[in-house]
Amino acid sequence: MTIRAICLDAAGTLIRTREPVAQTYQTIAARHDIELGLQQLGAGFAREFPGMPPLAFRYTDAEDLDRQERAWWRTLVQRIVSPEPSTAPLQGAAVDRFERFFDELYAHYAEPDAWLLFDEILPMLRGARDRGLRTLVVSNFDGRLHPILEGLGVRALVDGVLCSSEVGFAKPETGIFQAALDQLELAPHQVLHVGDNPQADLAGARAVGLHALLVMRGAAQRGASEHIKSLTEALDYCDRKGRWQQL
11 MTIRAICLDA AGTLIRTREP VAQTYQTIAA RHDIELGLQQ LGAGFAREFP
61 GMPPLAFRYT DAEDLDRQER AWWRTLVQRI VSPEPSTAPL QGAAVDRFER
111 FFDELYAHYA EPDAWLLFDE ILPMLRGARD RGLRTLVVSN FDGRLHPILE
161 GLGVRALVDG VLCSSEVGFA KPETGIFQAA LDQLELAPHQ VLHVGDNPQA
211 DLAGARAVGL HALLVMRGAA QRGASEHIKS LTEALDYCDR KGRWQQL
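Using my numbering, you'd call the opening residue of the sequence shown number 11 and step up by one each time.
None of these hints come from the bench; they were simulated from the model.
Be aware that a few hints might be false.
As the list claims (entries may be wrong) - Label-pair distances were calculated between CB atoms; the ranges are:
id : residue 1 : residue 2 : range
1  : Lys251    : Ala40     : 44 to 52 Å
2  : Lys251    : His156    : 29 to 37 Å
3  : Pro208    : Ala166    : 25 to 33 Å
Virtual Cβ for every residue (Gly too), placed ideally from N, Cα, C.
Take the sequences, apply the hints, and build the full model.
In structure tokens:
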């Protein structure tokens with residue numbers, strides 16, 4: 011059956027940070043008398059991020075959700091900036107410095123100016139709309155994604171935004187893909203999902219029965235048939251499926 015909607019990951023697919031994350035951490039930390047090395051930060055990310063629980067919560071209201079989102083990121087950032095893995099609590103002046111650093115860092119990444127769209131995104135979204143394709147952002151992100159996409163001009167061009175923190179499931183869990191299907195009111199074979207993570211996006215979507223493509227912009231070669239180097243190729247994929255249906 012012809013594809014009728016495209017689900018899109020956010021970070022790494024639609025948007026990227028304006029500058030390297032470690033550089034931003036280092037710059038903001040220095041303003042609060044915290045010295046962080048780029049090598050230390052790189053090692054911290056590699057060490058801590060994979061072991062974090064899913065960015066997905068059960069919550070009672072918006073205030074409770076915001077508290078849990080901030081707590082998740084605070085835990086991760088504290089682990090990243092520690093010289094080595096440690097559960098020892100911060101003490102004294104170090105607590106105040108870290109809290110000021112974290113507050114500024116968290117607020118920074120809520121700003122659209124901290125992010126950039128990949129070049130093809132707005133034309134691709136307009137092309138999807140011209141084809142009658144619905145689009146839904148499905149991302150392992152928190153509620154800050156909404157103002158980011160609004161400020162970058164994306165929100166007006168998509169039909170909805172699903173953040174893992176709000177849905178209560180994170181990719182590759184089936185729950186977040188099912189939430190997308192429920193919102194679109196479509197069957198899995200009518201939906202294409204595009205993202206940049208082989209496990210969360212490609213394998214996760216396919217496990218639910220969605221079409222799936224993996225965007226690999228920096229790859230020297232295309233690789234497998236499900237690999238694309240630009241989101242405009244996702245429109246080509248939908249066009250081919252539509253033409254095949256008409257034969």
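Okay, the hints, checked on the actual structure:
no., hint, result
1, Lys251 x Ala40: 44 to 52 Å, "holds, 51 Å"
2, Lys251 x His156: 29 to 37 Å, "holds, 30 Å"
3, Pro208 x Ala166: 25 to 33 Å, "holds, 31 Å"
The structure fails none of the hints (numbered hints given earlier).
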